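**Q** Residue numbers (our numbering): 5 to 193.
In short, the hints are calculated from the structure, not lab data.
Because the structure is a prediction, the values reported are computed rather than measured.
Take these hints with a grain of salt, some might be off.
Here are the simulated DSS-like pairs of lysine-lysine, each with C-alpha atoms no more than 27 Å apart in a straight line [stated by the list, open to error]:
| # | residue 1 | residue 2 |
| --- | --- | --- |
| 1 | Lys160 | Lys117 |
| 2 | Lys70 | Lys53 |
| 3 | Lys94 | Lys70 |
| 4 | Lys140 | Lys160 |
Have a look at the derived ranges for each label pair, beta carbon to beta carbon [as the list claims (entries may be wrong)]:
| # | residue 1 | residue 2 | range |
| --- | --- | --- | --- |
| 5 | Asn86 | Cys149 | 16 to 22 Å |
| 6 | Leu144 | Glu17 | 16 to 22 Å |
| 7 | Asp31 | Gly133 | 16 to 22 Å |
Just so it is clear, CB atoms sit at the ideal spot from N, CA and C, and this is done for glycine as well.
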Amino acid sequence: DSLLLNSTFNMFEPDIVIHFAAETHVDRSIDSPINFLNTNVVGTATMLKESLKYLNTNKNKFTTFKFIHISTDEVFGSLPENGSFNENYKFYPNSPYAASKASSDHFVRAWNKTYNLPTIITNCSNNYGPFQFPEKLIPLIIANCIDQKPLPVYGKGDNIRDWLFVNDHCEALSSIIDKGQIGHNYNIG
């Protein structure tokens with residue numbers, strides 16, 4: 005919503021935007037890929053456009069402003085045999101969700117290079133923590149154990165996943181806010 009974003013920028017005059025907004029569930033992306041395209045790609049482009057408009061009308065903010073885009077390690081595809089990615093790893097998305105996030109990462113990078121918008125991209129692993137939606141794996145496993153229901157196994161059950169406690173993710177983001185370099189991307193796991 006460009007109008008709402010514009011009025012929000014003007015009302016609060018932020019120095020930092022942390023862009024968390026996204027559709028996130030891989031299974032839902034398979035059923036409704038257009039929703040993921042609209043939220044994750046078009047929504048991110050709208051955030052970038054309004055951030056740039058805000059900075060162009062508040063030139064003094066260019067030295068302090070940061071647009072921090074929260075993405076996912078899903079953009080890299082399946083984990084390699086060593087079980088880790090680095091910031092230079094090639095994008096190889098395997099789902100509509102991952103493709104939408106890879107696209108949004110590219111838009112953020114493009115706004116930095118084309119318009120000099122001060123951006124930082126983070127790619128984190130799977131978060132878990134209190135009050136997580138029950139459709140996510142860890143709360144689903146816990147709920148199924150409590151209810152004595154079968155535990156879901158995806159594929160052959162040999163997938164490797166990295167899990168990040170939400171408070172640890174917040175600490176990493178705080179560090180990136182303080183020390184992160186504009187135009188860089190950071191993996192968080």
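**Q** Which numbered hints does this structure break?
**A** Violated: hints 1, 5, 6.
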